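Asks: Residue-level listing of the chains:
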Amino acid sequence: MAQVVTTSKLEKWGGGNSPFRVSWGKLMMWIFLLSDAFTFSALLIAYGALRFSSVAAPVFKIPFGTDLHHKFGHFIETMQHKGIFTPNTWPAPDLVFNHLPFAHGIHLPLIFVSIMTFILIFSSVTMVLAVEAGQRMQKSEVSKYMLMTIVGGFAFLGCQAWEWTQFITEGASLTSNPFGVPDFAAFFFVVTGFHGFHVFSGVVLNIIIYLMNLRSAFDKRGHYEMVEKVGLYWHFVDLVWVFVFTFFYLI
Amino acid sequence: MAEKMTTQNIQDENDFIPETWVPKAESHGTKDIWQKFWILLGLTLIDIIIYFFPESVLAMPIKAALFIVFGIAKAYYIVGTFMHLKHERVDLIMSILLPIFFIIFFIIWMLQEGNAWFSA
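Going line by line, the protein sequences match chains A and B.
Heads up: the first sequence runs through residues 1 to 251, numbered per the numbering used here.
Heads up: the second sequence runs through residues 1 to 120, numbered per the numbering used here.
These are calculated hints, taken from the structure and not from any lab test.
All of these numbers come straight from a predicted model, not from anything done at the bench.
Glycine residues also receive a C-beta, built at the ideal position from the N, C-alpha and C atoms.
Okay, derived cross-link-like pairs now, SDA-like style, lysine to any residue, Cα gap no bigger than 25 Å in a straight line: (1) B:K63 <-> A:V55; (2) B:K24 <-> B:L85; (3) A:K139 <-> A:I207; (4) B:K63 <-> A:A56.
Some, not all, of what chain A presents toward chain B, calculated at C-beta under 8 Å: (5) F20; (6) S41; (7) L250; (8) I251.
Build the full structure now, drawing on both the sequences and the hints.
Replies: The following block contains the structure:
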């Protein structure tokens, strides 16, 4: 090591000066995120294992934009009579998540969740722009981008609340699912709920950072590292959503 | 590397408090960020386009493989650029990435279990 430990303050570290060249707090955030990644992997892998152990529903394709009310009447009951939705089959996601606000009863799979994905990706970009502004010590720019990130977070949570309401209204719960195996609904609520709780915590952290920045807390401190640490958390939430989107909606 | 790292940001040894030490922040500019944003947006759009391909053109297993490859690509750009990991020291990169590789084993193992339950 280049520097010889001489003062009592340096001796506290014991293992040389910050071997990873990141601050203590940032390293801890990385380790926390690693453990959180394992939690989410466990949930998604359990979802995969259960899906592999279930019979897939018969393939039933509906053209994009079909008026479901007009063609099928009560859509879920018709599908149950046809034997597409049975309590023992794993439902195809495109027949479950096919709603869009202001387009009730129209078959529009994947559109709403794509909008949610774009919202989250964009809020990730504004977050990283806030971090970058912090590295240049530009207080007002950090404020601007943090505010955009917070708005994005709330927009995402709003979309998720709407989707949950829709799914619950149709009769889904942790123990029941009109579309197929009850476990499908249980996994949907647990995984997107756990992710949504992370988004909510991220929004709260972002608001705290935003308020601290308004009071010039980071200017006084001489660095904006707290923005970077909360940024890491926020990007992780986006990263998890990439895989939730892939495994719950696409496949 | 070690020289630079230990002397960076410390003028006086007495100022150095390990618990609150923060390396000097340096911006890498916004060009890379916007480039990665367009890549992420593009990959998501390709996902959506592939999703609506009829089964006769692209079978589900191929679609699923493409979705997973694109998912990993998106993860690479988010972690590398947005979370800044590609600019960190190799020690830190490996500390984070190597444990993640255990998950691959976990996936293979548990999906096989799922198949076994199905056959049982």
